[in-house]
Every structure is written in C-alpha cells, then in structure tokens.
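There are 4 protein chains.
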Amino acid sequence: MEILNEIIAKVDAMKDDLIKQRRDIHRHPETGWTEFRTASLVAEKLSSYGYEVLVGEKAVKKDAMMGLPSDEALRNAQKRAVSEGANPDLVEKMTGGLTGVVGIFHFAKPGPVVALRCDMDCNDVTETSDEKHFPNQQGFSSTHEKEMHACGHDGHTTVGLAVAKILSEMKDELAGTFKIIFQPAEEGVRGAHAMAENGVVDDVDYLLGAHFGFKMKHTGDIACDVTGFLATTKFDAAFTGKPAHAGAAPEEGRNALLAAACAALNLHAIPRHSAGVSRINVGKLIAGSGRNVVGDKALIQLETRGSTTEINKFMEDEAARILNAAAAMYGVDVEIKKVGGAAGGSNSPELAAFLKDKAKEIGIFKNIVGECDFGASEDFSYFMEKVQSHGGQAAYMMVGAELAAGHHDSHFNFDETALAHSAKMMCYSLSQLLTSKK
Amino acid sequence: MEILNEIIAKVDAMKDDLIKQRRDIHRHPETGWTEFRTASLVAEKLSSYGYEVLVGEKAVKKDAMMGLPSDEALRNAQKRAVSEGANPDLVEKMTGGLTGVVGIFHFAKPGPVVALRCDMDCNDVTETSDEKHFPNQQGFSSTHEKEMHACGHDGHTTVGLAVAKILSEMKDELAGTFKIIFQPAEEGVRGAHAMAENGVVDDVDYLLGAHFGFKMKHTGDIACDVTGFLATTKFDAAFTGKPAHAGAAPEEGRNALLAAACAALNLHAIPRHSAGVSRINVGKLIAGSGRNVVGDKALIQLETRGSTTEINKFMEDEAARILNAAAAMYGVDVEIKKVGGAAGGSNSPELAAFLKDKAKEIGIFKNIVGECDFGASEDFSYFMEKVQSHGGQAAYMMVGAELAAGHHDSHFNFDETALAHSAKMMCYSLSQLLTSKK
Amino acid sequence: MEILNEIIAKVDAMKDDLIKQRRDIHRHPETGWTEFRTASLVAEKLSSYGYEVLVGEKAVKKDAMMGLPSDEALRNAQKRAVSEGANPDLVEKMTGGLTGVVGIFHFAKPGPVVALRCDMDCNDVTETSDEKHFPNQQGFSSTHEKEMHACGHDGHTTVGLAVAKILSEMKDELAGTFKIIFQPAEEGVRGAHAMAENGVVDDVDYLLGAHFGFKMKHTGDIACDVTGFLATTKFDAAFTGKPAHAGAAPEEGRNALLAAACAALNLHAIPRHSAGVSRINVGKLIAGSGRNVVGDKALIQLETRGSTTEINKFMEDEAARILNAAAAMYGVDVEIKKVGGAAGGSNSPELAAFLKDKAKEIGIFKNIVGECDFGASEDFSYFMEKVQSHGGQAAYMMVGAELAAGHHDSHFNFDETALAHSAKMMCYSLSQLLTSKK
Amino acid sequence: MEILNEIIAKVDAMKDDLIKQRRDIHRHPETGWTEFRTASLVAEKLSSYGYEVLVGEKAVKKDAMMGLPSDEALRNAQKRAVSEGANPDLVEKMTGGLTGVVGIFHFAKPGPVVALRCDMDCNDVTETSDEKHFPNQQGFSSTHEKEMHACGHDGHTTVGLAVAKILSEMKDELAGTFKIIFQPAEEGVRGAHAMAENGVVDDVDYLLGAHFGFKMKHTGDIACDVTGFLATTKFDAAFTGKPAHAGAAPEEGRNALLAAACAALNLHAIPRHSAGVSRINVGKLIAGSGRNVVGDKALIQLETRGSTTEINKFMEDEAARILNAAAAMYGVDVEIKKVGGAAGGSNSPELAAFLKDKAKEIGIFKNIVGECDFGASEDFSYFMEKVQSHGGQAAYMMVGAELAAGHHDSHFNFDETALAHSAKMMCYSLSQLLTSKK
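Residue numbers (my numbering), protein chains in the order written: chain X, 1 to 438; chain F, 1 to 438; chain A, 1 to 438; chain Z, 1 to 438.
Just so you know, not all the hints are guaranteed correct.
[Stated by the list, open to error] Derived DSS-like pairs: lysine-lysine, alpha-carbon spacing no greater than 25 Å straight-line:
hint : chain 1 : residue 1 : chain 2 : residue 2
1    : A       : LYS146    : A       : LYS20
2    : X       : LYS109    : X       : LYS10
3    : X       : LYS215    : Z       : LYS242
4    : F       : LYS284    : A       : LYS297
Bear in mind the hints are in silico, worked out from the structure with no lab data behind them.
This one's a predicted model, so the numbers in the text were calculated from it and none came from an experiment.
So that you can see chain X by itself, here it is in the shape it has in the complex:
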C-alpha cells in the first residue's frame, strides 16, 4: 500500500496544476488533425519528463489518416498554434495534420509493455456566451470560434500528462515499459486508425483508456467493465450526373438527386443482422442546383455500425454495393470516400476485473458499477482490437463526473475534481501492471 499512498499524495499535491493545465487547453481548443498547439505542448512536457518522444510520421501513418481538413485549414491552424505559443519546430514536424504523439519510458527492470491512450481534439461547437457557464465565470472559455472542448478531451490530455510525470518520478519502483499515446481526431473516429496502423500498440501487453462522464454522471462513480463498443464506418458519397432543363429536355439529364434519394432509401433497407446489433444512417443529403434543372450533383453522408467488426463489415459492404448500384440506376457517377471508422469490441474481462479490484483498493470511488454497455463508437476500439488480437489485454473506463450539460453541447463542462480521481486510478492501476511479476 506504500505505492498507493505515494500516488495519492503526489496527485493531491498537483491538484491546482491539473486544473490550471486543463483550463489552458480548454481556452485553446483544436479540432481533429489540427491539434498543433496541444500536441506540441504534450511532446515538450513528455521530453522534459524523460520520455522518448515520437511525433510526425513516427507516430501517425500518413496514408491511413481519414477525414482530413483541407490543406488551407491545416496551414492556418499551424500558424495559429505558433502564434499561441507552440514550438515552431514541433509544429513543422506535424505538417499535414500529423498531430499524434507517443511517449515511451523504459524502466530498468524487465517487465510488460503497458500503455495509456489519451485523446486531444475538440468539437466543432461554439462555446456558449451564457454568463452562468462556469468557463465564462472563471475566464477560461474557448478563444476559438466554432471550436470548443465539449467532450472533456482537455481533461483527458491533462490527466495523461500528470500520469506521465508521476510514473516517470516512480521509475525505481516500476518494471517494464510505459507507453503513453496522445491521439488526434477522436471525434468522427478518425485518428486512432492511423496510429494503430503505424504499429504503436503492436508490442503492448496492457492498454488502458478512459472517458469522463458519458454514462457515469456522478463524480465518484467508475465503470471498469465496459462492453459493446459499436464498430462503425463513416462514408461520404458524391454523385455526379448531368444537368438538363427539366421542362425542355428532361431526357438529357442524368439525375444525381434521384440516385442519392434511391441510395438513401435502399441503404436503410439493409437487412438486420442476426448475430448482433447493426445500424445504418444517412444523416445528410444535399442535392440539386435549381428547381427547374435535373439535379446533377448530390452528396450523402452516412455511417454504418455493428456490435462486432464483422457485422459492421457486412453493413459496410452492403452500403458500398448499394451506393454503386444507385449510381448505376440513374446512370451517374459516384465517388465513395471512407472518412472515419472504429472497431467494435469489449474490455478484456480479466483486465476489467483487475481494474475493479484496484478501484476498490484506492477507496475514493463511491460506486463501482458492473458491466456497462457502451452502445456507441469510440476509436479507442482500434487500439483495443490490435492489442487483443495479439494476445494482450485492453480496457476502457468511464470515470464519473458531474456534467453541466450533455457531451457536445455548447454548455458542456465537467466537475474538475474528477481530474484527480482519474489520475489516481490511472497511476495506481498502471503501477500495478508495471511489475516484473503478475
């Protein structure tokens, strides 16, 4: 119990720093693939703690990146990051949106490779100007229009940095290797894939991750046995036909609007899957140019989901066939682009049980819930799948935090006392995995 007491003392000592750090990140939110300031900050801190640090193409596989912003948006975000204090050399290395960071710490004694994954990106939301909104009262609300940390990733990054510092300070008591992964673009489930494909968890024996709030809405709650990650794939399909005057020569048109409408209907008729949960949604359809013109352009945005990667693959294959057939149906072209995705999965049961025990031992959690069905998608699952597929164990926790409003809402905020809860839980669990035995 010596280690536990040491960790609790260390975290309690840095409580104010945690809040300060979180608020700094909150004021400078950056959306997926543009986390140049955040990632630079992370990289510099990790270096200062003695970590080997991977950035740029060492952290992210370029051609596996999904849902990238335009080159112009990326360049503007780089400039802004530098103007807001980011290290220009690091920002330069991240050109093209390569904003993932990996920190590695080799302890002297041999032991397992244990990893923690954090996410850094914000949402496409403009933070409320409501005076009662806590970040407004305390003066740390977003300084970027249409960008806001409305999902708590500012907290995740903050906790990650604290854990990295504490474990580095405890290096004589630990064994094996600690890897800390800061990923970009979790929103839209776009970022994990490109880091996982770069092999960053290929040698990992134990992987942890966590989210504030979600189904744990009370500070002091924790869920260690999370199941039911839905695998998901995000597509954009752009149909291109031929315009024609709808009165004078309708037969000369190639109707992309109807192709998209036809696709939408038939996509929703993909059969249910008997092996588990499946989902399909065409969430956006923008088509046509004018009332009296045969619609020559159409864009649809859709997503598939499945309670297993296989079911999602079934949905994805059906969707692709249907999109192509809908184009053929109206004699138009279609370009289908995969713009995001996550694997399905569930926590490794043994690791989940281990975490529950640790949570009890810490003694700060009022309510340690049992199995918790996630029922949604998080691209942590890409890392989880990789680790589990080579025989490792992975687990995702939900750390309870009182919320001011739902996730992705412009009034979102979380109870900052949860920062210390999460830091303690992570440090203690990781320390108990970073041993030569077990």
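Position chains F, A and Z against the provided structure of chain X, taking the given hints into account.
Only chains F, A and Z this time, still in chain X's reference frame:
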C-alpha cells in the same frame, strides 16, 4: 372504271363464302405461334390460286421469334390442328411455331412489288357463353377454351384469302408482283419482327395492311391516314436471390423481392422525353415464396413505348440499365428477356392520299376520315419501317365495323358486312398499284 | 419417489399405445383450423378419462381467430373428418374452425391450477414418397395430399392424451386442478390467441408446454430454460387501385402494384430498435394483371418480430402506418388484415429451475442443457404472457429427439422413443406441481 | 397606310431615347417583387403621358402573390430604389412588393379594350466583368451584384413605355380603351397570377405580349403564332421530423430525410398523361443535420408542368398527394407551399393571323415564321387564359434579336435595333385593334 366494277361484282358474288370462311376460322382460334390449322389452310388455298407459297423457315426467321410458347404447348397445338383437319405435312413444316405464310404472284407485265399483310392469331380469352352473343346464336363460337378471335383477325385472314383469289383471277389486267403475307402472333407484337427479319418485305414498293374496328366503330367508315404507331418493347425480368429465414438469419438472404420492387419504382421514374410520347409500365410483379422467408425469386413483366422508335429505344435502354442496377442493389441476379416489340411510325403520306382517293372512287364509304392518331402499338409497324427505310411506301387502314363489345372482350364480335367493304377496298387499291405505270 | 416410479411404470406400459396413437394421427393430418378429426378424437378421449371437456365457442373466441381458411375449405374438412371416423356431433360443434379443446380435471384436495398445452395441426406439405422414409416403410404416412405432420404435433397430441389419462388415474395422489389445452393452428401462430382471449388460462398458476426436436436434436437431451421467444405479427395487405391501358391512358390508372412495391421498400427501412432484436419481412408480393395494364390489384404478406412484445408493437405500428401511407402515395385503397401473431417472452426462471430439478430426478435424460435461446416465434407465448401477467409461472421445454430431416421438410420424422421421455417428464413435473403445498 | 407611316416616323425619331432608356434600366436591375425603382419610373412616365395609373393594391392582389422575398429584402430594395432616384411616395405605396403598374387610356370614340403586357424584373445573375461584354464596353452594365437583366425585360419595359407614349399622342385617331400592364416577377412565373387575380384583364378584348429573342435569334425575324405554353406550378415542401442518435436510439427518430427521398422518387413516378406533355422535377433536396443523427429536417423544391392547365392540375394534385403520403410514410410533418405557377395555352388563332398580316404590312421583318412551339412556361399565360376564357383574344409574339449569349447567361445581351422593331410592331398592331369597327 371497268376494273372497279369487276372487283365489286366478284366480291359481291363471294359474300356468303366470306362469312362462311370467317366463321370456320372463328370456331378454331389459335393463339400466337400456334396457328397451325389456320396457316395450313392459308397455304393450301394460296397454292390452289396459283401462288408460290413460302412456309416454315422460308417465311419466318427462327432466332428472331419472340415470346414463344413452351415446346409442349406447340406440340399439343400441332396435334390439335391435325385432328381438326389441317394438312399434316404443312403442320410438320411449321414445327417450332414457324406459322408464317407468304404467297407470291408474279404477273406477266413488269411492275412494282406490292404487298398486303394479314394477321391470323387469336386472343387468350374464353368466349362468352351468353346466349345473346351472335356467334353463339349462329353456332360458330370458339371450340377452344381460353382461345377466341376477339380482335377480328379471323376477318383479316378471310379478307386476305379473298383478295388473293380475286387478284389471281385478274392476272391479265395487272403488272408487277403481288405478295401476300400472313403473319402469326400479332397479339403481344411478337410475330412481324421474325418475318421482317427474314426479308419478306425487302423488295416491297407498296405495303398495305388493315384492321377492322378500333377507332372506326361504324360500318361504312374508313381511315386511310393513320399516324402515331407507338414503338414498343416487351420485357420479362426474372430476379434470383437467396432464401433465408427472415427471423433467424435475414442477413443471409439475397432479396429478389425487394430488387423487383425497387426496379418497378425506378422504372416508372424514367424521365419523360421531350421529343414525343413515352410510356413505361410494369404490369406484373410476382415475388417471394413465404411470409417468413427472404424472397429469393421475383418476376416482373414490363413494356416501354415511344412515339418514335428512337424514343422507345431510349426507354428500352433506360429500362435495361435500371433492371441490372436493381439486381446489383440487392446483390441478386437478373435475367432480362425481350419477349415482344413493335416499331413506331406513320403511314406514308403519299400512299395515304392515294388510298383516300381510291376509297372515294369505290363509293361505298359513308365517312372517309382524315388523319387518325393510332396511339397504340401494332407490329405492322415493323414491316412498315422496313419498307419505308428502303424508299417504299406503306399504309395501314382502319375499316369501320360495328362492334358488339370492345376489342379483346369475351363478347367481341364485328359486323360481317364489313368483310366485303374491306375486300373491295383492298382489291381495288392493290389493282391500281399493280400497274406498269403510276 | 413412489410417484415417480408409478409414472415411469405407467408410461412404459403404454409405449406401444403411444406409437399406435401417434401413427394414427400422422396418417390423418389436418392443417390449422381444420383439425376436426383430431379434436374430436381428443375430446372423446378426455371425456372417457373423466374430464370436463370444452369445445366450440367454449374453447375458442370466434372473433379472435386469425388466418382462417375459406368456408368451403372448412366444410370440406368437416366432411372428410366424419368420413374418416370423427364423431359427427362434435364436428358439428366445431363448425367454422372452432377446433380447440380444453379438458379440466378437479382433484379432491385444494391446490393450484396447473395446465399443459399441446398443439394439433399439421403443415402444408406433401409427405415424401421416398421408400426409405420411415412412415412409408411402416405404412403410416399421410393419406392427405399437401398435408403432413412435419413438425411433430402428432407427437405432442399423443403425449398430451397419455398425460391426461395417467394424471386422471392418479387422482387420489394429486391436488388442485389440471387443465389440458389442445390448440389448433400453431403453424402461422394463429390459434393460441383465440383460446387465450377466451380466458382458458386466466386462472392458471403453472403452465407447461413442449416441443420435440428443434434445438434438441438428440434423443435424451432436454432444455427447460427456454428464453428469447420473438414476438411476431403476421399481416396481409391487399391494395386495390384502378386498371387502365398503360399505353392509351396511364393517367387514368391507380397503381396498386407500385403502392405495394413502395410499401415493401419502406417497410424494410423501418429503423432498428435499440432495445433489442427487431425484424421485418415482406415475404410475398403478387401484383398486376397484364403487362400493358396499370396494376390495379396487389397483395403483400409480411411479418414483424421483436425480442419483446413492445418492440414488436413498435414494428407493427410502423408497418401499419407505412402500408396506409403507401396506399395514399398511389391513391389506392388498402385492406390490412392481421392473420397471425405471437407474444415475446421467456420461461419463468423459478419454474425453469424447478423443471431442471425434476428432469434430473427422473434420471432418463443424458443431457440437461442450460439456457436455450429460442430466437423464433411460437404462439405458446400468448398463453405464457397471460399466465405471467397475472402472476403465474410458465415454461416451455424442448425434448430431444433424433430427426430424419429438418422441421417442415417432407422427409421429417422423429424418434418415437422420445414420446415416452416427454410423457414421463410431463407427468412427473405436473404431479409435483399438483400438490396442496409447494 | 397613313397611320403606319406616322408610327414608323415616331419610332424612328425616338431611337436614341429607346436605347438610353433601356440602358438606364439595365444599369439598375431589380429582381422579382423588388422592382421599386423600375415601377416608379413606369408609373411616373405613364402619368406624364396622360394615363390613369393603378399601383399598389389597385394593381396587385396581395394574397395571390407567390414566391415573395423576405420582408428585410423588400425593405432594403425600397431604400435602394429611393437612393437611386425613385419617387419615395410611389415606392411607399408599393410596400410589401406590390410593384405591378397598370396604365389606362380611354379614347373618345367607343371601341374595344386592348391591352399590352410588359415585364420588368431581372435575374439572380451577376453580370460578367468580361471587357468585351457590350454593356461593359458602353458602360451600362448592372450596378447591383447578383442582379442582371439577362432576359431582356429591360427592353420589354422600354418598348412598353414608348408604345404608351406614341398611342397617347395618336389619341384622335384611335377608339376604345388601351391598357398597358407592367408586371413584376415574371422570372419564377410568380407575378402575373397576382395581377390577373386582381381583375386587370377582366375587361380586355385583345391582349398582346412579346419577348425578345428566345426562339427568334435573328434581328428581323418575328413569330406571331406561338403555341404550347406549358402550364406550371412551383412547390416548396418542408418536412419536419424528430432527431435521434442514429446509434443509440434510431427508433426514437422521425426521419424527414427519408420522407423527402421517398417523395422525390415517387414524384418522378407520376404516370405520363395521354392528353399531352407533362413534366415533374424535384430540383433540390436539402436534408439532415449530421451523419450520426436521424435527419429531422428536409426541404425539397419541385415543379410540375403540363401542355394544358388541366394536365398540370393533374400533376399538381398527384404531387400534393404524394408529398403528404411521403410525410405519413415516415410519421413526419410536411408544409407544402405553392411558390409560383403559370397557365398553359396557345395564341388565339384569329389574332395570330391578324398579327402576321400586320407584320407583313410593316415591311421591316425579313422572316415571319409560322407556328412556333413555345415548349416552356411564361406567366403571360395567366393573362392569356383569363382573356380567352371570357371570349377575348390573346397573342404572344417573339421578336427576333441577335443575342450575345443565351437567356439567363451572365454574358447575355440583345441587339438594340430590335427595340424599334418591337415598338413599331406593337404600335401598329394595337392601333389597328383600337378602332370602332373591326
């Protein structure tokens, strides 16, 4: 006017024979491609009038036949024809449904090739047992269940034979060549194509054809300037998917029923054509095996039309693409079969004007109408198109006849006095075309 | 254990009778609502054992019957039943398909109301003429074309009669009331509803039912804890439009074919339900009269399912709205008829555990499996839902039996030694429920 | 011929004024219902010529106006008009977009009521900045962004004012009443309806109208016998459903996106009409908010057409039913708004023949074409229909003019020498109708 008087006298002299002949054919109706008895009768009579007679593969191009009955149905019809008095040798030559007959008469003096086309098949209709129905009163109603001359082709064949006889008797007064074409399977517009493809009108300078009734519902009326034949194509599309239990494993099915439904909807959404009339109809859709099984089989029967052959071609091409795309949409197979078709077109104006003049000269028509829009499909148009395309002239007439009920109705009957009208009009017009001058 | 030994002895003594009885019923299969001979036989036997017997409207609620055959078919089946030895008075009472039978036995000592449900109908299947087929070898195959016991209900009825006899013979050892329910029309899940609505299980404390085979394919296996009955509803929807010539006046038609196609596609696009399994299937679509006629008639057969009655209700409501909207879309009428249905549900856990214990005690089962997911629909669930909803307990068992081919297959047959297994299990379990204590 | 010579002289004398006037209007284009400057100019000039002038609600029926801009847009346009020299009192009277103007001139001698209709609005097009564009070379191109006279209405208004002036000067030679109608919002066929409904042509015996260019692309050509105006109706349909998370609770959504898609497909499947040309086009479909949200909002913009008002009415009724049914199909609401429309029709043959004669007499037209099929929609047809329905005659002419680019193109310009052609034709034709005899 000598010739006209001669013709009138000849027709008037055979009035009773006309009625007798028509009633014999009416009693023994034969549907498309099974006109073994009728065609044998025609072939024998033409031979006896001195015509060179082409039957079997000399009259009909085998691989251009559309919408054939089953081999069994054909064989049964052959047996029945023989049992009803047909010449077994001729019936044998027509094996496989080759029931077209061409009669050729070369006159001594040189002159144009002039043709008359008649159709011989009946409808898939069971004649009414209503006692007031004229054929029942006179005892000449159909002896075949589900077969009835409900469109007057018994009359057309009768008139054709009379015209053939009279013109052969007038051989010293005529010049050039007379061809008389008796085609099978006009219903479903299936038969003309296979004779036209065999070249039977390739040398024809003038082609005539006629129909009783239709838009001319009063005996004594005649229309010589018929326009607006709708080109048409008939398709069957059979979709084959894979059955699966709809409760236990819906994802294992390949849904042919939905593919057919999807095809039907999108076929009807083929754009209108600015160059003229277009039509599409899916008239039948039969799909699925059981309520709780993913529908693995589906059949649809459809047709396209167009006021020109080009418009119909547009519709046909669109339909084919849509049928294939609907199959792709549901991952099923589709087999598309063309089962019928007719060209579009209009009477040659010069020949129409000539016929109007002849109709006036005969003096038996009370009402010679002007342009008459056909607005439907008749496979006479296949012959017409061929003749017109090589510089010849073609015209289709409607010969007025009081009707007991509409065409294809089980109560259909036409005023038999129209038989003589038509025979006179045909003989006189043809005689005026079969001259060395003109 | 005295009772158990007594039961085993009694059943063993009647083994040959069980087989004889089963084969008699097998030779005279009757489809849903036409079980006149079977039901008469059952009613007579129950009477002879001293049961109070309810037939006709006392057993079945007339206006709750779903999926009835035509009046003619019912009358013909009545005549046949009498010709095959059925009691004419009983058959008369069942006129209109009222073929349900309830037997009631009041024991002297007070106690619970305990019920057993059996089903009597056969399938719409013609039994194979394969010489190797056991019923052919033994000369007891179906004497009715297109009717065959291909789901083992002949066995269920046989076991039911044996249980009724044995329990009546043990009347001095038992307490409370025994009710035995013989239902018609289980196939298509049509019959239970009309008996449940008549209140036949309103006073039941414990309800048992069973099926041979299904997921228990080895004689000697048994499943007592069956869960996951899918609630289901079966609909027929008949669309009526207006025919019109597709070439001459398409705008005058009202297209029932397209309404049905439109309904089919949109039915399959009913959203998935997050609370559990949902299903939709349009398994049949028959529409249109001729290729060139706007389709004025269409029939579709569909079913919805849900892992709970609520989810199925959601599907059912959506389906009804969509069918009506599809009719409105094409300006046609639609008549929607519910032709079958079953509730969702699972065995009462306490009763399931009790049955497992009894199965062990009997000592004849080699393999007593744990939870068994039914994953399909059986209208036993209607009775189960009623009993559970008023605080009673219900359980459905699967009794292992080697099968010659799958259920509903023309080669289906089951190992007749399973008859005794089931009779023993039923008698013993029921006897242990029919006590004054517990 | 005295009158003709007088007219020719008068027009020739004002040639420069015509061009100056046209260019002033061209520089200040105003889109539909915002023609405050143009209408004020017209009203002032008509007053100065001695006309009785109707503006505001005397000219336009408020609740029959279709496709109005927002209140803000109208107010801004009013301010701009005043800032560009419009009479503030007149602009005030036109508040709300009441920009129609009617001028009435009663001649001393009794005679028929003869009217001329002109249109004043411009297109939603930004005029090209191409230096070679004639209006740029001559310095009279549009000073308003996104507004341009790209359809020649600047010329129509100019000619109308010239005709009004000349006929007023010839008052002693004419009889009856002359009415000149300047309508707003011809683009989108929105304006005529609201003036026709106000009764402005209820007393008109002869109505003329004209367009530069269109099918007459050579200066010196003229078409007097225009037929085949397509009746048309423009709809907006807004669907409102309920959003829901597509992964977590799809069944809670009400899918407006699919309702709109379903509407689009089924609208295009409205049957063709045998009585003439029909058209349907869904030209725009905008739906949904995010990829992972059930689409709760959708907007579609559509139009129907027909070669007669009856056919268009059929299309319109079908469309309305389908839109409502599509909403019902997905349990969403729909609001349907008619935003434009025009009647079908053809020139009165007698008046067309009269105009041809007058065109010949003038002697300035090189090519007077025969029947000219319009094949599109113009809301002149609303006035035409009203006049013809009470027994009057109406005709629309196309006055040839060399064009720099097609109508509605940013490079559009027409040969200004056509202004005089049109003025002469109008003045002479109107003068020959404004007589006591005829």
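Consistency of the hints with the structure:
{"no.": "1", "hint": "A/LYS146 with A/LYS20", "in the structure": "23 Å, holds"}
{"no.": "2", "hint": "X/LYS109 with X/LYS10", "in the structure": "23 Å, holds"}
{"no.": "3", "hint": "X/LYS215 with Z/LYS242", "in the structure": "23 Å, holds"}
{"no.": "4", "hint": "F/LYS284 with A/LYS297", "in the structure": "10 Å, holds"}
Taken one by one, the earlier hints all hold for this structure without exception.
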